[in-house]
Amino acid sequence: MPELSRRRALTTAAALAATAAATGTAAAHSANATPSGSPGSPDAFDEVYKGRRIQGRPSSGGGHHGGGHHGGGHHGGGFAVYVDGVELHMMRNADGSWISVISHYAPVPTPRAAARAAVDELQGARLLPFPTN
684 MPELSRRRAL
694 TTAAALAATA
704 AATGTAAAHS
714 ANATPSGSPG
724 SPDAFDEVYK
734 GRRIQGRPSS
744 GGGHHGGGHH
754 GGGHHGGGFA
764 VYVDGVELHM
774 MRNADGSWIS
784 VISHYAPVPT
794 PRAAARAAVD
804 ELQGARLLPF
814 PTN
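Numbering-wise (the working numbering), the sequence shown opens with residue 684 and increments by one.
Since the hints were derived computationally from the structure, they do not count as laboratory data. From the three backbone atoms N, C-alpha and C, an ideal C-beta is built for every residue, glycine too. One thing to keep in mind: the hints can contain errors.
Derived CB-CB ranges, DEER-like [to be verified]:
1) A777 <-> V731: 14 to 20 Å
2) F813 <-> P741: 24 to 30 Å
3) D726 <-> A777: 29 to 35 Å
4) V731 <-> D778: 25 to 31 Å
5) E730 <-> R809: 17 to 23 Å
6) K733 <-> D778: 23 to 29 Å
7) A808 <-> D778: 14 to 20 Å
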């Protein structure tokens, strides 16, 4: 049996990691489907997480704010998330994952997961409104 070279081992590991990532992304996409079967549309939620009220719901617009505070998140894909009534600015990535202004470098599969990650990062601190101008 030929000896396994370092290059071949690294190539194999990279291929396996890419396959696992693709499988995980596909599973996350199917988990985000609404009961109506619209793939990629996140479910609305309203819960208390670690003593903080987190809410998420479809917003009226998918683009920039139309002037009002609760217009429709900047890049939230038509979905708005709130922590204790203050909007958590969200963005949906091309791969379907979500990031927020609080956890920008840690993509998560759903807006609910982004809200929970923000609560974790805030460690009890109040979320301040994000300036729109």
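Evaluation of the provided hints:
1. Look at A777 against V731: about 32 Å separates their beta carbons, and that is not inside 14 to 20 Å.
2. Between F813 and P741 the CB atoms are about 20 Å apart, so this pair departs from the stated range of 24 to 30 Å.
3. Between D726 and A777 the beta carbon distance is about 21 Å. The supplied range of 29 to 35 Å is therefore violated.
4. At roughly 30 Å, the beta-carbon separation of V731 and D778 lies within the given 25 to 31 Å, and the hint holds.
5. A beta carbon spacing of about 19 Å between E730 and R809 agrees with the range 17 to 23 Å that was offered as a hint.
6. Range check, K733 to D778: about 27 Å between beta-carbon atoms, so the 23 to 29 Å window is met.
7. Checking the proposed 14 to 20 Å range against A808 and D778 shows it is violated: the Cβ atoms sit about 29 Å from each other.
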